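Novice: As given, the protein sequences belong to chains A and B, one line each in that order. The first sequence finishes on residue 229 if you use the numbering used here, and the numbering steps up by one all the way, no holes. The second sequence finishes on residue 256 if you use the numbering used here, and the numbering steps up by one all the way, no holes.
Honestly, the hints are just simulated from the structure, not real lab data. Possibly wrong hints are sitting among the right ones.
Facing chain A, a subset of chain B residues (Cβ under 10 Å, in silico) [said to hold, decoys possible]:
id, residue
1, 97
2, 185
3, 190
4, 216
5, 236
As a list, the in silico BS3-like pairs of lysine-lysine whose alpha-carbon atoms are at most 27 Å apart [stated by the list, open to error]:
id, chain 1, residue 1, chain 2, residue 2
6, A, 195, A, 125
7, B, 198, A, 125
8, A, 195, B, 198
9, A, 195, A, 127
Here are the simulated distance ranges between beta carbons [said to hold, decoys possible]:
id, chain 1, residue 1, chain 2, residue 2, range
10, B, 55, A, 103, 51 to 59 Å
11, B, 119, A, 151, 46 to 54 Å
12, A, 212, B, 244, 39 to 47 Å
Given the structure is predicted, the values throughout are model-derived calculations rather than measurements. Even glycine gets a Cβ: it sits at the ideal position worked out from N, Cα and C.
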Amino acid sequence: MNAMIEIAGVAKTFTLHNQGSAVIRVMEGANLTVNRGECVALVGASGAGKSTLMRMIYGNYLTASGSIVVGGVNVARAEPRDILALRRDTLGYVSQFLRVVPRVATLDVVAEPLLSVGVDPEIAKSKAQALLQRLRIPQRLWGLSPTTFSGGEQQRVNIARGFAHGYPALLLDEPTASLDAENRETVLTLIEEAKARGAAIIGIFHDEAARDRVCDHAIDVTAFVPEAQ
Amino acid sequence: MTPLLSVQGITKTYGAHIGCADVSFDLYPGEVMGIVGESGSGKSTLLNCMAGHLVPDAGQVVFDTRSDGPRDTVTMSEPERRMLARTDWAFVHQHARDGLRMNISAGGNVGERLMAVGARHYGQIREVAADWLDRVEIHEDRMDDRPTAFSGGMQQRLQIARNLVTGPRLVFMDEPTGGLDVSVQARLLDLLRGLVRKMGLSAIIVTHDLAVVRLLADRLMVMKDGHVIETGLTDQVLDDPQHAYTQLLVSSVLQV
């Protein structure tokens, strides 16, 4: 099988217990397949459910019904420890926000995904250095915690962390937002390299030119919004 | 894979009042589980039942021992359980003074745990103690000072060194960062995360601080009135809480 990510009949509801137990249906009948070496863009207006679907694939949001199979694991039904193993070995996620333990040096933040799959610390460190260099994070910042960095710098640290380990599947939420032209070019090259090594990628790009360049096709999630809300 | 700890139907009542009721879960090697809930939700009662400090009214706490495989620690003999508590388990108290001997030196506090499992060579004990003080960022020249002369954060780090020196496989932590300054908390969290990964520890952390569990715990259990009301991956429970109480808990956190 060439499919790395297979989403079938997925639905999502939110129940707001503290607001009159309102049940909000946000998604129904979502279907999507991503093959190895392929990049699929999620498109649709703001609020249509692009990030929601991405978070469900990562196991960050629960799935009400349907299946989300990533590398053979059905995230919609899997036990926490199976999802943790999937996230460690197979599925990477570059979110829009960097969330790290305070005081941990940038270099260690980037090397951490490698260390957790058992890569030798020296090799992990040199890979992290190479990525930070490519993403133009000045070397004098490597020993500092990224929590104090600018938005664009944090975004690049997040990308470096997401690309450090060669995940077979990657989720990218606005990877080129808040980047200058040079860094945007680097990130697009990183995505192309990941595709070339066979990674299946799902991305959200508001940057249309970037989307057209790296994505093989686009899925409009508006089609998954339930009717008659 | 065999769970390191398998908790089945743990119930503890205080007269008519429920401490915790029918709690069951499995913890696998290398996993860190957080237990959250407000004061009185039963999370500390549960932790103390698991660690052998309280005898549950019903249920089993099955631990995968090194020598005999899975054993119910509730029904094992007191000496056996004490030996387990000294070797394979560690318990980090909220108040460092509950877990330290305040009238002996920092080095002595660490060395005592080693001697309890049979270490006798003074030079070696001192060397291991010095190494552990270094790992928890306590300078060697403070080794002969008593913990009474330490700050709260240092006392907590010393307690962690004392607990981990014997290479336990399971660590129980009761509000490990409670009562510490935010900057000291961050340092301690960083330290704990590093130690958990390097030593392949499993841990159960009881706290009411959701930020602490987000950074430290893989899985989360939410308790209310003695019952487990929600479990799951930590980030999933915090970002997509299902139960009314969890939603309230998550939405009540002040954003910084």
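Novice: In ascending order, which of the hints set out earlier in this document are inconsistent with the structure?
Specialist: Hints 1, 8 and 10 not satisfied by this model.
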